[in-house]
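*Asks:* Each chain, letter by letter, is given below.
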Amino acid sequence: MLFNSLQYLVFLPTVFLLYWLVPHRLRVPLLLVASYTFYMTWRPIYGFLIFGLTLGNFLLVPLIAKTDVVKHKKLWLSLVVAVNLITLGIFKYAYFGMDCMKSGMNLFHVNWHEPHLHILLPLGISFFVFEFIHYAVEVYRGKPLVNKFMDFALFASFFPTQIAGPIKRYRDFIPQLDIPAKFKWEYVDQGMQLILMGLCKKVLLADNLTLVVQAGFAHPEKFSSIDMWLITYAFAFQIFFDFAGYTDIARGSALLFGYKVPINFNLPYLAANAAEFWNRWHISLSSWLRDYLFIPLGGSRCSVPKLYRNLFITMALGGLWHGAANHYLLWGVYQGLLLIAHREYVRIMQAVGLHSSLVKSKVYHWASVAVTFQFVCVGWVFFRAETDQSAWQILAKLAHAPLDLLHFSTAQLSVLQIRDPIIFPAIVLLIPGLMISQPVVNWLNNKKFYLNPPWPVQVAAMVAMLCVLTIFSPDTSPKFIYFQF
Amino acid sequence: MESMKGLVKTRFAAALLTFSLAAAFAGYFQLGALPAQSFPFLSWTGWTIQDFLKQPRPNVVFLGSSLMLVPLDGVDADYMNKRVDGSQHHHSVYFENQFDKQTGLSLRTFNFALPGEMPSDGYLIVKNLLTGEKKPDVIVYGVGPRDFLDNMLPSPSATDPYRFLSRFGDITPIAGRMMPDWNQRLDFELGKACYFYGKRADLSELGTRAASSTLDKLVPLPANTKTISFDDRRSLMPDFRPCQILAGQAWFRPSTAADRANFVDNLSEYKKRYAKMKWETYHSQLSFFADTLKEAKANGIKVVVVTMPITELNRSLLSETSWNAYKNGVLSVAKNSGATTLDFSDSKDFTQSDFGDTVHLHAGGGKRLFDMILAKLSKNQEVLSAFTGLNIAQRGRQL
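Top line first, the protein sequences correspond to chains U and E.
Just remember that my numbering sits 40 ahead of the position in the first sequence, which is counted from 1.
At position 43 of the second sequence the residue is numbered 41 (my numbering), and the sequence of numbers has no breaks.
Each hint should be verified, as a subset may be incorrect.
Stated by the list, open to error - Capping the alpha-carbon separation at 27 Å, the derived lysine-lysine pairs in DSS-like fashion look like this:
| # | chain 1 | residue 1 | chain 2 | residue 2 |
| --- | --- | --- | --- | --- |
| 1 | E | 132 | E | 292 |
| 2 | E | 7 | U | 488 |
| 3 | E | 365 | E | 346 |
| 4 | E | 365 | U | 487 |
| 5 | E | 325 | E | 346 |
| 6 | E | 325 | E | 374 |
| 7 | E | 133 | E | 377 |
| 8 | E | 377 | E | 333 |
| 9 | U | 488 | U | 400 |
| 10 | E | 7 | U | 224 |
| 11 | U | 113 | U | 183 |
| 12 | E | 333 | E | 295 |
| 13 | E | 7 | U | 300 |
| 14 | U | 222 | U | 300 |
| 15 | E | 215 | U | 262 |
| 16 | U | 106 | U | 222 |
| 17 | E | 224 | U | 262 |
| 18 | U | 183 | U | 111 |
| 19 | E | 333 | E | 133 |
| 20 | U | 222 | E | 374 |
| 21 | E | 132 | E | 7 |
Hints were generated in silico from the structure; no laboratory data involved.
So that you can see chain U by itself, here it is in the shape it has in the complex (with noise of 0.2 Å):
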């Protein structure tokens, strides 16, 4: 079931009226029940998955906490850990093991017929085998065991997180559970505007971006370099404003019910470096990476080589994380690099002294903001681009862009001479837009103007919302973008 479709405007009002009018102690069954015919609408049969990974981690996780011996108590976590990742990896990168394989046959000129797995990827596998990992993590690190199933099933489901995340942490969300929550509007009105945002972003934003993205990045032979610029922002535009868009109506559907789930997002193009950006983007996964990979892999307190290789390892997974392909490997790589360099760029300005006078000029932290943009952008064309090939042809064209804005003119520009649909000439206003927005709406929060805005602010906002959601939704939206991870 998506987001964006009329089962779920059929769905969530009645999981929610249903959740406010029975007693307490049957809403997390309840919830449990909603979120397994959730995920069941799509592929029943991968309903058993979810509920067979989630009885095996609630029985096998015990084994951890009950021993003292630390040897033995490693044992039983890398055995959760793998029965874990050896599901998430026989669902999601069978086939790229296998094209690996006869890759590599190849070279030896074995000619190899890799077999026909049928092997359909479960929505949401990566992000619940990721939370099944964390509990396991954490107890072994000796917090608590979840004691009543119901609870720790729920925790693996939620609907409105089980798709996409963000990815929860089990202690923040079980106690939520037991609180017997009384009904407040509140919820209501802070869950629909989170919702009607979130459908604004996506509806209104990505899936118009999308028809300019797709274009171009299936045939950049038929757009100049200053385009594929353009296009490469509006792909960054268009990847946050999809999961942006679907993190915002996951916390508000949450919301509804009076849970709170974590942010995932803050602003992440007015980061000032790369590091900054993992810590504004997506930030429930890189926190996970963190945690549970840069961490035990030696994180920072280490020698500086072994905290590159650290940085690098944690990023090329983080990468491979989001799909089965060359492509997703290079981007995580590429972001290894860029926190390397980024570190390597501040000890040597360190080194020179001028790291801290430079860090407290404005206009230099603007500069950092814009020149890490750019960075990212290039970033997401490994992200975006179908294949690694066509990745590198992308760059050699965006490339060749200081030479031809030197004698600029808007007849380079091929998205103007695509008047219809009319989103391939507004980039060249919507991407500035967009771009200004971010530091306007970076004000707003400063000056709080989010948390208490004025009653008829607010309500003219959703009007406004409802209206442009009526009119201008599609007939068929495409799915999120990271409901394929």
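Since chain U is already given, all that's left is putting chain E on it; use the hints.
*Replies:* Coordinates of chain E only, in the frame set by chain U:
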């Protein structure tokens, strides 16, 4: 009680109420509603409807899918010995001239056969467009098994013709049959309940037009450049308005037996279309077919049902159950409604050499078919007496 107090204060409830009032107000004054024939883009259906509304009343209207459309246009291309733009050419010169030769009656025809047209679309054409001053005397309705058995049709409202034809009348009485899926039905009912949602096609089109004219001023087409061609746009965005067609894109070229295009094997497509007997599609489309004939009869339109010939190759994909259901269903509905039936479904008069692929007659085969139809209709008194607007002397000569 506390909850009720909260409800009064809640911002979302206030927003919902304001939105509902705005929608009701806009609905009352029909703000932003465009005329039914104002389409954001034209598909084959859109071109056909626009032309139909411009033309004077036809005497004969052809209905059916591409099985009827392809031979009609192909025959005209051969007959006039010039290429015919299918999306713009909506009558049959050959039929008009031959009918005149054989009966002395000078007819106007209109070709409302559309690619992918289903009986549910045919019903909308008859119900919403072939009425009043536009009512023809005779409908020649060509049907084939796909029209009733198509596995690839999710629902009657999923066709391109439906998108255009549904603008010309109220669908409510047949909504259950047009939208058997609850999702589509809910979408339809939401559209009825909320003016903004129901008129979103019109309102978003108005928004697009306004945005487009603003963009033309703010970011005009650069000097010495031109907009990209339709074909280039299609190659860039194959999923954007896939049914859109421009004038000059669907040519039927004159051909002779010596230079006809090679036979195309499209069996794999039809294997999917006939994959299994979908009884719900069959019953639904047969009921629309029956309603079409009933509606025509009620309006005094004579209907001639032509069961179109298909190749033995294509026929062999259908199980006996499917074939019998199709044939018996069509013939029985036609008989019960008093339609004249010309049954070519099992005709041995056509061989594979008359076809361009496994179902579509090429111009040569089409000419043979229309000659047979003309021969039968020119002697059919029920049909001839249906022509009310023609020259009385001419009619008298025949009757």
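*Asks:* Evaluate each hint against the coordinates.
*Replies:* Going through the hints against the structure:
1. Simply put, residue 132 of chain E and residue 292 of chain E have alpha-carbon atoms about 18 Å apart, close enough for the 27 Å limit, and the pair holds.
2. Proposed proximity of residue 7 of chain E and residue 488 of chain U is supported: the alpha carbons are some 22 Å apart, at most 27 Å.
3. A hinted pair counts as satisfied when its Cα atoms are at most 27 Å apart, and residue 365 of chain E with residue 346 of chain E qualifies at roughly 16 Å.
4. Among the hinted pairs, residue 365 of chain E with residue 487 of chain U is inconsistent with the structure: their alpha-carbon atoms are about 78 Å apart, more than 27 Å.
5. Taken as a hint, the residue 325 of chain E and residue 346 of chain E pair is honoured in the structure, with Cα atoms around 16 Å apart against an allowance of 27 Å.
6. For the hint pairing residue 325 of chain E with residue 374 of chain E, the CA-to-CA distance comes to about 20 Å; that is within 27 Å, so the pair holds.
7. The hinted pair formed by residue 133 of chain E and residue 377 of chain E meets the criterion: a straight-line CA distance of about 23 Å does not exceed 27 Å.
8. Restraint check: the Cα-Cα separation between residue 377 of chain E and residue 333 of chain E comes to about 19 Å, which is no more than 27 Å; the hinted pair holds.
9. Between residue 488 of chain U and residue 400 of chain U the CA atoms are separated by roughly 24 Å; this keeps the pair inside 27 Å, and the hint holds.
10. At roughly 11 Å between alpha-carbon atoms, residue 7 of chain E and residue 224 of chain U fall within 27 Å of each other, so this suggested pair holds.
11. For the given pair, residue 113 of chain U sits about 13 Å from residue 183 of chain U by alpha-carbon distance, which is consistent with the 27 Å threshold.
12. For the hint linking residue 333 of chain E to residue 295 of chain E, the alpha-carbon distance of about 12 Å falls within 27 Å, and the restraint holds.
13. Distance hint between residue 7 of chain E and residue 300 of chain U is fulfilled; the C-alpha atoms sit about 23 Å from each other, no more than 27 Å.
14. Of the supplied pair hints, the one linking residue 222 of chain U and residue 300 of chain U holds, its CA atoms being roughly 15 Å apart against a limit of 27 Å.
15. A hinted pair counts as satisfied when its Cα atoms are at most 27 Å apart, and residue 215 of chain E with residue 262 of chain U qualifies at roughly 25 Å.
16. Straight-line distance between C-alpha atoms of residue 106 of chain U and residue 222 of chain U comes to about 37 Å, which puts the hinted pair past the 27 Å bound.
17. About 14 Å separates the Cα atoms of residue 224 of chain E and residue 262 of chain U, which keeps this hinted pair within 27 Å; it holds.
18. Restraint check for residue 183 of chain U and residue 111 of chain U: satisfied, since their Cα atoms lie roughly 18 Å apart, inside the 27 Å limit.
19. Proximity of residue 333 of chain E to residue 133 of chain E is assessed by CA-CA distance (about 22 Å); at most 27 Å being required, the pair is judged to hold.
20. As the CA atoms of residue 222 of chain U and residue 374 of chain E are separated by approximately 79 Å, the hinted pair breaks the 27 Å bound.
21. Using a Cα cut-off of 27 Å, the hinted pair residue 132 of chain E and residue 7 of chain E is violated, with the two alpha carbons roughly 56 Å apart.
Comparing the model with each numbered hint stated earlier shows that hints 4, 16, 20 and 21 do not hold.
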